[in-house]
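Keeping their order, the protein sequence lines are chains A and B. Per the working numbering, the very first residue in the first sequence carries number 1; after that it's consecutive. Per the working numbering, the very first residue in the second sequence carries number 1; after that it's consecutive.
Rather than coming from a laboratory, the hints here were simulated on the basis of the structure. Think of the CB as a built atom: it goes at the ideal place given N, C-alpha and C, for glycine as much as any other residue. Be a bit skeptical, because a hint or two may be false.
Claimed, not checked - From the derived model, a few chain B residues whose C-beta atoms are all more than 10 Å from chain A: (1) A12; (2) S13; (3) S15; (4) G33; (5) R36; (6) D38; (7) P39; (8) E43; (9) K44; (10) D53; (11) K61; (12) G66.
What the hints assert, rightly or not - Here are the simulated SDA-like pairs of lysine to any residue, each with C-alpha atoms no more than 20 Å apart in a straight line: (13) B:K46 with A:A3; (14) B:K8 with A:A82; (15) B:K60 with A:R19; (16) B:K58 with A:S120; (17) B:K20 with A:T66; (18) B:K46 with B:I19; (19) B:K8 with A:R19; (20) B:K44 with B:V17; (21) B:K60 with A:A112; (22) B:K8 with A:G43; (23) B:K8 with B:G35; (24) B:K60 with A:A84; (25) B:K46 with A:G83; (26) B:K44 with B:D27; (27) B:K46 with A:S111; (28) B:K20 with A:A14; (29) B:K20 with B:D53; (30) B:K8 with A:A84; (31) B:K60 with B:T24; (32) B:K58 with B:R25; (33) B:K60 with A:G85; (34) B:K8 with A:H131; (35) B:K60 with B:R25; (36) B:K58 with A:A87; (37) B:K20 with A:A3; (38) B:K58 with A:G85; (39) B:K20 with A:S120; (40) B:K61 with B:E50.
Each chain is listed here by its residues.
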Amino acid sequence: MAADVVYVVDNGLAITTDRLLDSPTHNPPKWVHWGTGTTAATGADTVLETPGAEARAVGTVTQQTTTHTNDTLQVVGTLTCAGAGKAITEAALFTHLTSTTGYLYLRATFSAINLNVGDSIQFTIKAQYTHPA
Amino acid sequence: MAYVGHVKRPKASLSAVVIKADGTRVDLGMIAGEGRNDPANLEKGKAGRERLDAMLAKEKKEAHHGG
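Modelling step: build the complete structure from the supplied sequences, incorporating the hints.
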């Protein structure tokens, strides 16, 4: 069973500062993907452990208010199970449709969600930025 | 802010809604992140997973019987 954890990974911190530049090299972290890896997410992750064969889905990116106005990045994206039924145990946000290492912003692991072909998961992913202490 | 090692990170969370092939929606609530263990969220997740498992068992039975 995968641990129920989610992290903006080390590379996600770099993506955040990149996006503050005049000419950022990264797109917004809006491509959602999933997988069947069960090793708990950590800040050092660079890829999904066992990515699904389905293509990444482009999510809808918005700013939301959790504590301070617009302090939270929200991405809502939906993936549909193809090929064969599977137990989804990890999800991630990337800044590119296909590239892996260097483009991971966030990875999560969680208890298995069992799907049949044609079933989908709509993920809502949030990252709240707050004042450094 | 969430701490991992000595790095402060944004506070992240992940919620999920399963949409069955027939359009039925099953809300699993927050499945990872701070707030996941709130009693109301745990109850929502438990109920959602039980409903989802029942649907999968029914589909498996129907597939077994060809129908």
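These are the hints, each one checked on the structure:
1. A12: violated (5 Å)
2. S13: violated (5 Å)
3. S15: Given a closest Cβ separation of 4 Å, the condition is violated.
4. G33: violated (5 Å)
5. R36: violated (6 Å)
6. D38: holds (13 Å)
7. P39: At roughly 15 Å from the nearest Cβ of chain A, P39 (chain B) sits farther out than 10 Å, so the non-interface label holds.
8. E43: The claim stands: E43 (chain B) keeps its Cβ more than 10 Å from every Cβ of chain A (closest is about 15 Å).
9. K44: Consistent with the label, K44 (chain B) stays out of reach of chain A, its closest Cβ about 14 Å off (over 10 Å).
10. D53: At roughly 7 Å from the nearest Cβ of chain A, D53 (chain B) sits no farther out than 10 Å, so the non-interface label is violated.
11. K61: K61 (chain B) clear of chain A: closest Cβ-Cβ about 13 Å, beyond 10 Å.
12. G66: holds (16 Å)
13. B:K46 with A:A3: holds (16 Å)
14. B:K8 with A:A82: Between K8 (chain B) and A82 (chain A) the Cα gap is close to 37 Å, so the pair fails against 20 Å, i.e. violated.
15. B:K60 with A:R19: With Cα atoms ~47 Å apart, K60 (chain B) and R19 (chain A) exceed 20 Å; violated.
16. B:K58 with A:S120: This hinted pair holds, its Cα atoms lying about 18 Å apart.
17. B:K20 with A:T66: violated (30 Å)
18. B:K46 with B:I19: holds (17 Å)
19. B:K8 with A:R19: This hinted pair holds, its Cα atoms lying about 18 Å apart.
20. B:K44 with B:V17: Holds: K44 (chain B) and V17 (chain B) sit about 11 Å apart, inside 20 Å.
21. B:K60 with A:A112: holds (18 Å)
22. B:K8 with A:G43: holds (10 Å)
23. B:K8 with B:G35: holds (18 Å)
24. B:K60 with A:A84: holds (13 Å)
25. B:K46 with A:G83: Violated: K46 (chain B) and G83 (chain A) sit about 28 Å apart, past 20 Å.
26. B:K44 with B:D27: Satisfied, since the Cα-Cα distance of roughly 8 Å is no more than 20 Å.
27. B:K46 with A:S111: holds (11 Å)
28. B:K20 with A:A14: At roughly 37 Å apart (the allowed maximum being 20 Å), A14 (chain A) and K20 (chain B) break the hint.
29. B:K20 with B:D53: holds (12 Å)
30. B:K8 with A:A84: violated (39 Å)
31. B:K60 with B:T24: holds (17 Å)
32. B:K58 with B:R25: Between K58 (chain B) and R25 (chain B) the Cα gap is close to 16 Å, so the pair holds against 20 Å.
33. B:K60 with A:G85: holds (11 Å)
34. B:K8 with A:H131: holds (10 Å)
35. B:K60 with B:R25: holds (19 Å)
36. B:K58 with A:A87: OK: K58 (chain B) and A87 (chain A) at ~17 Å, within 20 Å.
37. B:K20 with A:A3: violated (24 Å)
38. B:K58 with A:G85: Status holds; Cα separation ~15 Å.
39. B:K20 with A:S120: holds (6 Å)
40. B:K61 with B:E50: With a Cα-Cα distance of about 16 Å, the restraint between K61 (chain B) and E50 (chain B) holds, given a limit of 20 Å.
In summary, the structure is inconsistent with hints 1, 2, 3, 4, 5, 10, 14, 15, 17, 25, 28, 30 and 37 from the numbered list given earlier, while agreeing with the others.
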